Amino acid sequence: MHPAPQAAALALLLACGTAAQAADPVIDPAVARRDVKLPRLPNKDFDASLFTGTYATQNFGSAAVVGLRAGYHLSEDFFVQATFGRTRVSDEAFRQVLPGGVFPNEKETLSYANLSLGWNLLPGEVFVGRGIAKASAFYLVGGVGTTHVLDQRRQTLNLGFGGRVLMSDRWAVSVDVRDHLFSLDLLGKRQSTQNLEATLGLSVTF
Amino acid sequence: MKTLLILLLALLAGPAAQAQGGTLPRLALSEAYVELHTGPGRGYPVFHVAARGDEVQLLLAHTGWVKLRTTQGVEGWVRREDLQGTLTAAGLAPGAVQRFVDTQLHQRLEFGAAWGRFVGQPMLRLSGRYRLGEALGVEAAIGQVQGLYSGTDFWQLDATVEPMSDLALSPYLAVGVGRFSNIPNASLVEQGSTHANQAHVGVGARWRFGSRYVLRADWSLYTALLSEQRSREYRALTLGLSFLF
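So the sequence lines, in the order shown, correspond to chains A and B.
Just so it is clear: in the first sequence, position 81 is 81 by the numbering used here, and no numbers are missing.
Just so it is clear: in the second sequence, position 61 is 1061 by the numbering used here, and no numbers are missing.
No wet-lab data here; the hints were simulated from the structure.
Just so you know, these numbers come straight off a predicted model, no measurement behind them.
Some hints here could point you the wrong way.
Straight-line C-alpha distance at most 20 Å; calculated EDC-like pairs for lysine to aspartate or glutamate [stated by the list, open to error]: (1) K44/A x D179/A; (2) K107/A x D151/A; (3) K134/A x D169/A; (4) K44/A x E92/A; (5) K134/A x E1075/B; (6) K134/A x D77/A; (7) K107/A x D169/A; (8) K107/A x E92/A; (9) K44/A x E1081/B; (10) K134/A x E1035/B; (11) K44/A x D1082/B; (12) K189/A x D151/A; (13) K134/A x D28/A; (14) K44/A x E1075/B.
Start from the sequences, fold in the hints, and give me the full structure.
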C-alpha cells in the first residue's frame, strides 16, 4: 500500500472522531458537584452558671452573695472555672463600740474574681425515688484570684468542694462551699482572714 | 464489608435535634460492643451494652465521651475512643469549635495561671501564649502583686523562644515589655497611684504532661522605668499550670 492513501485514511478517521466528540461527548465534565454535608456532633464542654448564697466574712458579718461562673471541662476529671461574685460587708459590730465605725459607710461592697481548677473526685448518681437517677459529681476546687473591698485589692486563695447534679444534657445544679483566704489591714493590723461562702448555682452547658 | 454496615442516614432526629439547629448523626456500630455508662466518666456505672451492627444515634459529646441513643431508646455515655472505628468509618465532622482546634491550632494556644513571689510579695499571673513556630511564641499576661502598703497590677507582652520545644521538659527564654500600676492601700496612706513602664527578661522551663497540660516555672528580672533618670529592678519567681488548645 502506498503511504499517501494511508495518511489520508488516518486524517479522515481523526476528523470524524473529533466531529463526533464535539457533537456527543462520551464524558460530560460539567457534572454538578454533590454537596455532602456531614452531620455534626455537638461538643458541650463549656458551662456558665448563676449562683447565689451566703458569704460570711471573718470580721464584717455575712450577707447574700450573687455571682457568675464560666467553666471549661478539660477532661472527665478536671475543669477550670472563672468566677465573679459580689456581696455586702458591714461594720455594724464595730459601730457599737467604735463611734464612726471602720468603714466610711456602714455597708460596703465586696467583690471577688478568681480562676480555679476543679477535680471531679467522686462521680456518682443521685436517686430520686425509685424511678429517677441523675448523674452527679463531688468535686474539689481551688484557685487564685483577687478580692476587692474598700479600694483594697487583696490576692485571694480559694479552696473548697462542691457537688453537681446533671438535671439534663443542658442544665445542672451545683452546691458549692468555698473558703476565701486573704489578708486585710482594715482593723489596724494585717491579718489573714478566712471567709466562708456557701452557694447554690444553676448552670447551662453549651 | 464493615464499612458497608455503616449507615450514615443523617436524618432529622426529631424536634429536639431541630431545636439545636442541626442534624444528629445516626450510624451502625462497627465495634464488637460498647459499654454505656450512666454519665460522662469512667466512674459512672455501666448499665447497658450495644453490639456490632446496632444502630445508634449520637446526641452530644462532652470531654472524651459521647452520648448516644439506641433504637430501643436507651441513652448512655460511651468513651470516644471506644467509638473510634464507627466515627472514623462514618466520616463524622467535628463541631465548629473542635474543627478549629484540630485544624488550626494544633495545640499552639495555651492558657494558664501562675503563682509566685515578686521581691518576696505574692504574685499572681494569668497568661495566654500562642506558638508561632517550632521555637518562637508570643505571650500576653496580666497579673497582680500584693505588697504590704500597696498593690500592683501589671500587664506584659512577651516574645518567647523555646529551642527544644519537642522535648517533654524544655527550657525557654522570654523578653518583653509592659506596664505596672501601683495602687496604695487606701487605709494606710493618702497617695495617688503611680504607673511605670517596664521591660523584663525571663528564663524558665516547661514540662508537658498528659495530652494537653503544662507545668511551668520561671524566673524573671523586671526593670521598672520610673522616670527618665530612675529605674528599679525586681526579681520574680513563679510556678504555673497551663493547658493547650
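Here is what the structure says about each hint:
no. : hint             : verdict
1   : K44/A x D179/A   : 29 Å, violated
2   : K107/A x D151/A  : 14 Å, holds
3   : K134/A x D169/A  : 11 Å, holds
4   : K44/A x E92/A    : 46 Å, violated
5   : K134/A x E1075/B : 13 Å, holds
6   : K134/A x D77/A   : 18 Å, holds
7   : K107/A x D169/A  : 41 Å, violated
8   : K107/A x E92/A   : 8 Å, holds
9   : K44/A x E1081/B  : 17 Å, holds
10  : K134/A x E1035/B : 18 Å, holds
11  : K44/A x D1082/B  : 19 Å, holds
12  : K189/A x D151/A  : 17 Å, holds
13  : K134/A x D28/A   : 59 Å, violated
14  : K44/A x E1075/B  : 17 Å, holds
Violated hints, listed in ascending order, are 1, 4, 7 and 13; each of the other numbered hints is respected by the structure.
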